Amino acid sequence: NAGVTQTPKFRILKIGQSMTLQCTQDMNHNYMYWYRQDPGMGLKLIYYSVGAGITDKGEVPNGYNVSRSTTEDFPLRLELAAPSQTSVYFCASTPALYQPQHFGDGTRLSIL
Amino acid sequence: AQSVTQLDSHVSVSEGTPVLLRCNYSSSYSPSLFWYVQHPNKGLQLLLKYTSAATLVKGINGFEAEFKKSETSFHLTKPSAHMSDAAEYFCARTGNQFYFGTGTSLTVIP
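Just so you know, the protein sequences line up as chains A and B, in that order. So the first sequence is numbered by the working numbering: it starts at 1 and just counts up by one. So the second sequence is numbered by the working numbering: it starts at 1 and just counts up by one.
Source of the hints: derived by calculation from the structure; they are not laboratory data. The structure presented is a predicted model; accordingly, all values stated were derived computationally and were not measured. Mixed in with the good hints there might be a few duds.
PhoX-like cross-link-like pairs, simulated, lysine-lysine; straight-line CA separation at most 25 Å [said to hold, decoys possible]:
hint, chain 1, residue 1, chain 2, residue 2
1, B, K68, A, K14
2, A, K9, B, K49
3, B, K69, B, K58
4, A, K9, A, K44
5, A, K44, B, K42
6, B, K42, B, K68
7, A, K14, A, K44
8, A, K57, A, K44
9, B, K69, B, K49
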């Protein structure tokens, strides 16, 4: 039972570099989410998707982009990494809005 | 307006004593409510959920929560804390999005 899989688990980037955080789920969930978690700040929604081909901004979308070409995959892209994007990133999915979200184990990203 | 408020950022209990983690929500209707637990370097794991059935909800690892509409609360309890319960706990509710509280860090003292 893979659930939600995030790769990589850890990454260090230099300022200005770009990278893609991968997220895939094998539960055929329509809804997928990207959050960032900073110490003592809880979870902040970056982007979400209600199905393949449909994405929308969350609370903190600046500096990030997403795509959703398939039901399974929801990658998050950082184009020009900045120190403020140092965080732990979580991907989640759910079959419906009133159902609980299933989380990956996170990607720990440091930008130096 | 804050949709979910966790009233304590840190809670410390002794092993074997009861746990109470408090959560209030704001909503004009009865939302679906959830408690999640996050252990260090892990993602969030669902403890329990309320979806307008019984107001007292039982979850995993001996946790339960009671939905009180009159108080707009969904507090998490456990009769006897175990060392393995030490973690971060998040209350959440549904709406047009998923709203999380800012978390409560539970410390269990041996």
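Review point. If you check each hint against the structure, which ones fail?
Key: Violated hints: 1, 2 and 6; rest satisfied.
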